[in-house]
Amino acid sequence: MIGCYVTGILPRTKELVELTRAYERGKADERELEKAFEDATLKAINAQSSAGLTYITDGMLKWQDLLRPFTENLAGVKAGSLSRWFNNNTFYRKPVIVDEIKREKSIIQNSSYIKLLPRNIPWKAILPAPYTFAQLSENQFYKSSEELMFKYAKILNEEIKSLAKLGFKYVQLSDPALVYKPFNQCVSKDKINAVSEALKAAVDGVQIKTCLQTFFGDFCKILPEALDFPIDHLGIDLYETDLNKLKDYHFDKGIALGLVDARNSLVEEVENLIESVKEIVESLHGSRQKDIFVCPNCDLEFLPWERAQEKMHAVGSVAKRLREELNE
Amino acid sequence: MNKLFPTQEVGSLAKPTWRVKGYRGAPLSKEDVAEALEWGRRLEIADKDVLVKLLTEKDSPKKRKAVLEWSAKYAIKLFEKAGLDIYYDGEQWRSEMYEHIIRNTAGFEFLGHVKSFDYRYFNKAACISKPKYVKPFYVDEFLFTKQNANGKIKVPFTGSYTLVDWTFNEYYQKKLRGKVKDFRRRKLEAKHEFLFDLINEVVRPEIRNLIDAGAEWIQIDEPAATTNPTEEEMELFVESFNATVKGFNCTFSLHNCYSNYGILAKYACKLRNCSQLTLEFANRDNQKTGVGDVRVGYKELKLFEDYGFRGKYGVGVVDVHTDFVEPPELVRDRILHVVNVVGDPSRVCASTDCGLRTRTWEVAFQKLKNLVQGAEMARKALK
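Protein chains in written order, with the working numbering: chain A, 60 to 387; chain B, 239 to 621.
Just chain A, same shape as in the assembly (with noise of 0.2 Å):
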């Protein structure tokens, strides 16, 4: 299938923006914050399904950070300091781990609106990936960062298979730094195939589509092992990743191409993508028919809301167009 969808946390409106802030002046209360959430979720589902995404998500406005639900609703997790998010001017709260980690209630329901998600569209859950959780933390317990990781991973298991049950039909995991490394690193073959265990024990028995979503970073830093990942769907940010280098692959599996960026205001020309997209298609999958997604490169969160509503068009547009041109 050809499709397209979005990455992450979508931007607050500007009213809920407003409001958020007379709330943490003390200016509103909590009843005016819940509607204002709900609101600006309305519209965030309402403008995915009229871009013609074909999976949707709540928007994730509650969302503090990618790992804030974890960090909020696990046992034996504490919120730890303002850290920066990777190379952003943005910041997140570590993730102490103080205890033995448990899940002892479902994290994604607590921090989500699945109530107002419509019936006629496939929805799509996001969720931290194994490694990124577990880089991302201040491990206080466990013997190694692999042992949290893997600990993480069974967590994550559990999740996946309630959100199943709940109705969702896709879930991608984000792994921005499995691919963020700004000095040229390598993973290590060792890590990497901790990394697509934790990923195994994740995945295991989930009936849904998975996807691992990498951003901020040159997917070619995992390659060639990424290809044997137990997942079925990749995520490559096309404006981190070498291109070049990126072509000399062939994929077995779907992949779902950060076209857009996320990062910059600057709307593409759905044109341009085309162009772009047809290429690389062409270049790792050859003649084989697999899952081809069209998506921004990261969470839109970076951009106003209305410039995040205009690259949700142009993702929805690049996806109907190559639709129509590869005859599906």
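Among these hints, one or two may not hold up.
Stated by the list, open to error - What follows is a set of in silico ranges between Cβ atoms, one per label pair, in the way DEER data are often shown:
(1) Lys540(B) to Gly226(A): 38 to 44 Å
(2) Lys137(A) to Lys618(B): 40 to 46 Å
(3) Lys137(A) to Gln604(B): 31 to 37 Å
FYI, nobody ran anything at the bench for these hints, they're computed from the structure. All figures in this text were calculated on a predicted structure; none of them were measured in a lab. Built from N, CA and C at the ideal position, the CB exists for glycine as well.
Got chain A; can you put chain B on it based on the hints?
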């Protein structure tokens, strides 16, 4: 400056309520006016009654301008009363370090608020045409400070690398659209072009004007210096600093804080004409007195030495993110510890970690007084 351990602040100071409301044209409460009067008394500002009268006047452009001047005058007095050697005007004329320049330069458009963290946001602009210098944005405040300050003046100047990092680069990416096909290369080339246009078209003309107006020391503020810790980006940062200061007859320093000093240290020795690195350390340190191993916050200073930086250090010995007022003995020991690391006391200036804008005037004043006292104790200890 011949004396050892000259004392300095880094730039900003909180804006008094009467400054914020007065400039916005909002009505002032009795308490706001009382605050102006009380600080006027404490800072021994002889004509403080003129300010009080001004604050009761009707809103007008003339009144707003005067409010800025008064708050700069108060801030300067606060620094002088605390006994600092080097200071500015508390950045009382500027809305904020990023917005102030962007709003006063052509080629930019603010797109709205994007998330910084939790329920905090920042107003982010896009560059939509080639940046163009339309009018001086620091010169007036500098001239006012020069007229009103008795000590040495250091002008804080938001660096070009940070301005570019905090701005959406639309114009240059668009320019390269059909020309560079590779997404990644296009992004890098566009950034390079944006950065050097901004330096040549906006930053350098303002520096020229500041120097012509009599500025002798400009501090380049680059909080984003290590945001992209790749070799390519760090080289670009160094190149941008060097291009900014090249050929000017003026003292330049670099301020960077809450960043990755392991990376910065590696590149600091490549900065040309950078007489001082002003760095934040107190925030990383503990509150115990003593020198040596106890000074955990200053570990990374040695890296700058090891990599070969040979200029001065404006070492943060006062934390701006806590209301804890460092006792002079703690300030003294932090300075003496740094002297041991650097070896040469003449390369050490006693500084706050960063601007004091997040502290109340009361806390800022106490902290600065202790900074001055602690530096004096360190001088005595070395004798």
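Do the hints match the structure? See the list:
{"no.": "1", "hint": "Lys540(B) to Gly226(A): 38 to 44 Å", "verdict": "57 Å, violated"}
{"no.": "2", "hint": "Lys137(A) to Lys618(B): 40 to 46 Å", "verdict": "45 Å, holds"}
{"no.": "3", "hint": "Lys137(A) to Gln604(B): 31 to 37 Å", "verdict": "32 Å, holds"}
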